[in-house]
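There are 8 protein chains.
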Amino acid sequence: QRTGIAEAVLCDGKSAAQIEAILRHAGERPLLLTRLETALFHALPAESRAGLDHDPLSRTAFHGAVPPPALDGVCVVCAGTSDLPVAREAVRSLAFAGYRAPLVADVGVAGLWRLMQRIDEIRSHRVVIAVAGMEGALFSVLAGLVAAPLIATPTSVGYGVAAGGRAALSSALASCAAGLTCVNIDNGYGAACAALRILRSMEGRAA
Amino acid sequence: QRTGIAEAVLCDGKSAAQIEAILRHAGERPLLLTRLETALFHALPAESRAGLDHDPLSRTAFHGAVPPPALDGVCVVCAGTSDLPVAREAVRSLAFAGYRAPLVADVGVAGLWRLMQRIDEIRSHRVVIAVAGMEGALFSVLAGLVAAPLIATPTSVGYGVAAGGRAALSSALASCAAGLTCVNIDNGYGAACAALRILRSMEGRAA
Amino acid sequence: QRTGIAEAVLCDGKSAAQIEAILRHAGERPLLLTRLETALFHALPAESRAGLDHDPLSRTAFHGAVPPPALDGVCVVCAGTSDLPVAREAVRSLAFAGYRAPLVADVGVAGLWRLMQRIDEIRSHRVVIAVAGMEGALFSVLAGLVAAPLIATPTSVGYGVAAGGRAALSSALASCAAGLTCVNIDNGYGAACAALRILRSMEGRAA
Amino acid sequence: QRTGIAEAVLCDGKSAAQIEAILRHAGERPLLLTRLETALFHALPAESRAGLDHDPLSRTAFHGAVPPPALDGVCVVCAGTSDLPVAREAVRSLAFAGYRAPLVADVGVAGLWRLMQRIDEIRSHRVVIAVAGMEGALFSVLAGLVAAPLIATPTSVGYGVAAGGRAALSSALASCAAGLTCVNIDNGYGAACAALRILRSMEGRAA
Amino acid sequence: QRTGIAEAVLCDGKSAAQIEAILRHAGERPLLLTRLETALFHALPAESRAGLDHDPLSRTAFHGAVPPPALDGVCVVCAGTSDLPVAREAVRSLAFAGYRAPLVADVGVAGLWRLMQRIDEIRSHRVVIAVAGMEGALFSVLAGLVAAPLIATPTSVGYGVAAGGRAALSSALASCAAGLTCVNIDNGYGAACAALRILRSMEGRAA
Amino acid sequence: QRTGIAEAVLCDGKSAAQIEAILRHAGERPLLLTRLETALFHALPAESRAGLDHDPLSRTAFHGAVPPPALDGVCVVCAGTSDLPVAREAVRSLAFAGYRAPLVADVGVAGLWRLMQRIDEIRSHRVVIAVAGMEGALFSVLAGLVAAPLIATPTSVGYGVAAGGRAALSSALASCAAGLTCVNIDNGYGAACAALRILRSMEGRAA
Amino acid sequence: QRTGIAEAVLCDGKSAAQIEAILRHAGERPLLLTRLETALFHALPAESRAGLDHDPLSRTAFHGAVPPPALDGVCVVCAGTSDLPVAREAVRSLAFAGYRAPLVADVGVAGLWRLMQRIDEIRSHRVVIAVAGMEGALFSVLAGLVAAPLIATPTSVGYGVAAGGRAALSSALASCAAGLTCVNIDNGYGAACAALRILRSMEGRAA
Amino acid sequence: QRTGIAEAVLCDGKSAAQIEAILRHAGERPLLLTRLETALFHALPAESRAGLDHDPLSRTAFHGAVPPPALDGVCVVCAGTSDLPVAREAVRSLAFAGYRAPLVADVGVAGLWRLMQRIDEIRSHRVVIAVAGMEGALFSVLAGLVAAPLIATPTSVGYGVAAGGRAALSSALASCAAGLTCVNIDNGYGAACAALRILRSMEGRAA
Ligand SMILES: Nc1ncnc2c1ncn2[C@@H]1O[C@H](COP(=O)(O)O)[C@@H](O)[C@H]1O
Ligand SMILES: Nc1ncnc2c1ncn2[C@@H]1O[C@H](COP(=O)(O)O)[C@@H](O)[C@H]1O
Ligand SMILES: Nc1ncnc2c1ncn2[C@@H]1O[C@H](COP(=O)(O)O)[C@@H](O)[C@H]1O
Ligand SMILES: Nc1ncnc2c1ncn2[C@@H]1O[C@H](COP(=O)(O)O)[C@@H](O)[C@H]1O
Ligand SMILES: [Mg+2]
Ligand SMILES: [Mg+2]
Ligand SMILES: [Mg+2]
Ligand SMILES: [Mg+2]
Ligand SMILES: [Mg+2]
Ligand SMILES: [Mg+2]
Ligand SMILES: [Mg+2]
Ligand SMILES: [Mg+2]
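Protein chains in written order, with our numbering: chain A, 1 to 207; chain B, 1 to 207; chain C, 1 to 207; chain D, 1 to 207; chain E, 1 to 207; chain F, 1 to 207; chain G, 1 to 207; chain H, 1 to 207.
Chain A on its own, in the form it takes in the complex:
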């Protein structure tokens, strides 16, 4: 029935009471919660919190029994430390779906040699998620170096003309390197779902 990832609750804009109701209603069924800021997590009753595996940096939580991820095939690459929340939202969403995705961080293009040192590791995956803010030059550079499907995830990191992520988004869409696709600004969850669509189609599990 579902076309992508099993279940996800976008907590941003919901009250602690509403989230609690959703968790109660879910019972044993595993749930992925996204955009669950630490403050909102702490506003939940102790009982609810006890049933959650919460990761503050990515603002995600797992409800119910989520087995450790055991499948391979995708990695997440990000440019700077400020992009980590979004990059880890992708990693955690993949883990929830059973895939362990290594995170290759701090490989922005201003220090190209750092990216080149890890390019073979990146190339060893069937799908690559790239996360970058500011001017998003990482997307084009990576698309020129990697033949696998590349999912660009622009972040809202930056100020001035970069504020809000429009500059990075435009860089992903207008890239001179062909075959790159992209998702909405800050949408690490969506990037993970896109990777899952590919991985499952590869495994003959889509449909």
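Some hints could be false.
What the hints assert, rightly or not - For lysine-lysine, the following DSSO-like pairs were computed, each having C-alpha atoms within a straight-line distance of at most 30 angstroms:
(1) F:14 - D:14
(2) B:14 - D:14
(3) G:14 - E:14
(4) F:14 - H:14
(5) C:14 - E:14
As the list claims (entries may be wrong) - Chain A regions said to be covered by chain B (calculated; three or more residues, Cβ under 8 angstroms):
(6) 149-160
(7) 177-188
(8) 196-202
Keep in mind the hints are simulated off the structure, nothing from the lab. From a predicted model like this one, the values you see are computed outputs, not experimental measurements. Don't be surprised by glycine CBs; every beta carbon is placed ideally from N, CA and C.
Keeping the supplied structure of chain A fixed, place chains B, C, D, E, F, G and H with the ligands upon it in accordance with the hints.
Chains B, C, D, E, F, G and H with the ligands in isolation, oriented as in the chain A frame:
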């Protein structure tokens, strides 16, 4: 060396003389030409034209010996007749790379039953490219109905707030259906390259 | 003298003192208050609060004796839980004017079957108000399924390119389904007033 | 099956050959053609032209036997001469559907007395379509004077900050007068369809 | 030396300490302070506060001996209560410069008769300042009714497409009524300075 | 009845036939025609052309007997040669209304000394119109040097971020020099009308 | 290895814990910290604070032994007091790299004589950094008066159309004075780095 | 007196007659003409053309005796063939001022190895001008590899979100590599002037 499709020349913004030089320099090597408007095609010397398989609607041409496509796995879906040039740019780019992609046209969401009549045919492919202009509602509807990787290609079709394709692009990026990715406005070639990255990764040919 | 709904006070941007003065001045006369956030409501003197029927979710309040709604003819449809405040602002504005409007919620297009299950119920009304944020694909889908007047109400729900509601607004305006009209982002009150203009014109009460 | 107006072909972006094919395929069935510029009309074969009732100003044409409009209930109001093409696109679309809609022209707000002289005539209709470009102040003024459903149709008339119609569109959406709805810029056809939804719902013909 | 109003300090973005230093340095010299929010005013030392005539609504304060205004010639017109802070910023700036400007409030175009009731009073001034947010239709209506110089002052009042004041600004600039000029969004002080340039030029005091 | 300048016909967007009809209908009555491009002027019948005093650079024409301007009080200042069409539209509109306005050209701020050489001449007028494109720095510099009413007229001259005139418009509105007002981009006619409102109010002729 | 300034940490968006970890890891190595707001500075452990030379106005801090600047060649010019945080960010970044840059403040173009009084001092440097918000007219005026490399740094100071710094940025880019370059809005650090690239290239130290 | 390059005439927007007048008035004095499209060049009288050294690709022409360039110190780098007109406008403007600047073309980041092959050649100059359209990733990559002053020149090359050059401009401004500056979109002339300011300041010739 190349990460995606073999060779492509973006003719828009090049003179007939420049294109002729590129063709001469290519010799026997197959080349895909995109954005080759009919007027520009006719401005080429007869000799050059003779060596080209030109498709006016998609504004593409094949140079050199391009075998008929024989591989399957991807289909292209589009909303209205005005979206055909972009949809066929994708179809032709895939054909150049060896994939025959059926085109499912005229299935805009204002006539939902037409889309539902063909949904099983669409679902039978490993990758789906969706092409739509105006408000781009097709992307979300399709993403909710299909589990395969879905590459949204917004077009510049429309007037008023839709002019230029920004409305359709936003619909693709902001879709409430997860795991949809997108390419630049009118970029049928890029959508095809993205599909090729997926198909080749599936076949173990990426890297 | 008034052309639409009897009386409405937009509380956003007014101080508790200003609102209190308005209520005192109104005396027994029924008033609709909109955008009255819970915090602002609690900043009113107990006496004022006692005379108000306040609904926190829709941020509306009725002042004075408002009879229970008894008229039919309009329903409100919304995509996600985050759209509820705006959807209920429409419902409450209609109730204030005497119309009881059922709320059909959680029928976003990513789960098309849920919308189809309730489409006959929706079709049974003379006017339909549709409320949706993010990419607003609901508007086009509904306009293709319903022949009645359809008033699209985009919401500011969403992030990235959807933040602020522009993406949903563009989808309403650029819809490939004809005859859909729309109001400002988050303007549930305005959508209700537009429905009232239609219902009263039908009943020969406009003018 | 159709929810609104019987049949409409948007000619803008179609070739003469494509339009001819559509007409041939339609046979006797009446068709409304919109955005059929005079040059494109003259590019059609004489035979096709003979079967069309073409109105250059509104860029519309009727194909097949369209009986003279006999129903009442809607009028079209416009601000300046430059708004006439859009205003008449609405009038003609209504005529195609059987409604004769009087056109009240040249009543921009810079000459308020001209609008006041005709306000009773305008008020005598069950639905009002208002067409205006530049700053679109007409929408708010009219919404304050008329109780009937009011469909604002912004036009792309104007230069500087008004170019393209965004200023007039914003005025319609942000109007301080409640219950006004609007359609896309220059969409006279859409405004007519919206009026038809209302008129048919009134007559119990929607559904 | 100065071309316009004597002295003005924009307090927004300055610390209490910086403002205090400016006041001390000014000594007896009269100063106009703008954008002095109540909280910032109260953060000043009691001594500084004692020397200020602070008006919370307009967020202005007079420092030093400012004689009561005695000159006539200008009035300020505004649409809604939310526009009062900006309208009164203009009134206070004029008072500081010696002009007593009556404030004609609550004359938005949705209730045209209220504006018509006061139009002769407005017409009796040599310069008119108009203050309006949302769609700013007041500017065009007034420009059609008044022959005097008209200075439009758009406000940031409104939500959705009106948020931030761009819609009202565009209405002022694109007005179909000729000879209207405008100042920046929320710039009541600038509107007053513009009026002063006109009044002083009339009195032969400019240069 | 009219509040500003006597009569003006905006020819842009009108056909030669429509303009001819207007001229015929006007008879002896003087008319100002604006935006009458040379090509459109030559498309008029010889008879109509004979009755027009057409100025190609400003794209204006006088119809009927327009006495030579004899009143003083306003000057027009412009930055570059590309701004001349707009600057002269202002000069001609003023001439039509009886005012002879000297044009001070080529005084852009990149050559500040040229502006300083003519500043006393500029200061000798009761009203100043400033016309500038690109970054529009002229507006602020002039507002700091002149005490008279200053009407900024941004032009669409420029490319890149200046294309269309938004950069110059923002500079006029956001000027750090107080009391400057502005009109729409390229609106030389509007600037002239604004000056006329001031001059007539000074002369006690407004009302 | 590094191409510009030695080391810089953008603190905005990092937690106190993350900053502390960076400082500990740096050991004796000098570090420049930018965007370290006072509140965040005080959230650091006393020990960390003791090792920092923090400047609240510019929100910068030096970690490690930074010798007093001894080199000359660059000055920083700014328009208003609100531009000081950005201007001083440039000054401090230059000091960290060994250059003492005088700050010429309060020379906005509305008071041109103040700028002229200090123009010879400004001209005595090999590189000039100009910092301005609002309409940014200072950039063009300065570029016309100074022959040295001029680095424009727009600030986000201003409201209405100037809010966020886009108006000042456009003025820098669209300047009618040639050879001016610019950096991102509020990027005082970037302007300093650009000056360092020039100064070091002059001294034969780049590469 | 001039602060930058000797003399330049922007021909875009000037008539052949106006350009001829400028050339005649200049006499023997060397002049640089920019944006002189081939069609406009051919519209000049044969005599004028004879005195011009016109380069169609860059749309520049030299008038008068311009000695061959003999100075070194700057190179121009560009991404694709479509960027050549702007890149050569910079090269020609430098040649006019006496500097011979090599052009390193076709080094876009999608083929990173091509850029790396020429990086030492690029590094051997004291100033580098980088020209790129589409997503402008070249700017950040180059800024990370080169220590010299780097002047980014975004071009309007591209379609969809890249159309007009805003995406490339944002990439230059928001670059994660520090010390990069930029000029307006398509402003090859401005980039050359900026390089000249640096080179002359280095040579002690600025001031
Ligand atoms: N971080 C996220 N970004 C975008 N969409 C999300 C995110 N997390 C969850 N969703 C989607 O939002 C839906 C949940 O919405 P709701 O019913 O409001 O909880 C899920 O089915 C997902 O498709
Ligand atoms: N229709 C298209 N849209 C976007 N990029 C294209 C298109 N066709 C070709 N390209 C890209 O443009 C490059 C050719 O650019 P050029 O060297 O200027 O011919 C190819 O390598 C492709 O990556
Ligand atoms: N002027 C118009 N503006 C917007 N939509 C239109 C217009 N004319 C026709 N349409 C719509 O476009 C559809 C026809 O599209 P097509 O199949 O491309 O001819 C019709 O069913 C209408 O819904
Ligand atoms: N260049 C112009 N820019 C703006 N408005 C103009 C211009 N010329 C004339 N107008 C206005 O347009 C009106 C004429 O419009 P119309 O009736 O369409 O000819 C006049 O009454 C003027 O108010
Ligand atoms: Mg980044
Ligand atoms: Mg479509
Ligand atoms: Mg929604
Ligand atoms: Mg109008
Ligand atoms: Mg208002
Ligand atoms: Mg200029
Ligand atoms: Mg400033
Ligand atoms: Mg490029």
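Practice problem: Below or equal to 30 angstroms on CA atoms is what counts here, so check residue 14 of chain B against residue 14 of chain D. | Solution: holds, 26 angstroms
Would the hint linking residue 14 of chain C and residue 14 of chain E be met if the CA-CA limit is 30 angstroms?
It holds: about 26 angstroms lies between the C-alpha atoms, which stays within 30 angstroms.
Count the residues of the segment 149-160 of chain A whose CB lies closer than 8 angstroms to any CB of chain B, then report whether that count reaches three. Check passed, 3 qualifying residues.
Under the criterion that the straight-line Cα-Cα distance not exceed 30 angstroms, is the pair residue 14 of chain G, residue 14 of chain E satisfied?
holds, 26 angstroms
- [ ] Starting from residue 14 of chain F, check that the Cα of residue 14 of chain H is at most 30 angstroms away, please.
- [x] holds, 26 angstroms
When I compare C-beta atoms, does the segment 196-202 of chain A have three or more residues closer than 8 angstroms to chain B?
holds (count 6)
Regarding the pair residue 14 of chain F and residue 14 of chain D, is the alpha-carbon distance no greater than 30 angstroms? Distance ~26 angstroms between residue 14 of chain F and residue 14 of chain D Cα, so the pair holds.
Item to check | Claimed coverage, the segment 177-188 of chain A by chain B - three or more beta carbons nearer than 8 angstroms | outcome: With 9 residues close enough to chain B, the hint holds.
Checked against the numbered hints given earlier, this structure breaks none of them.
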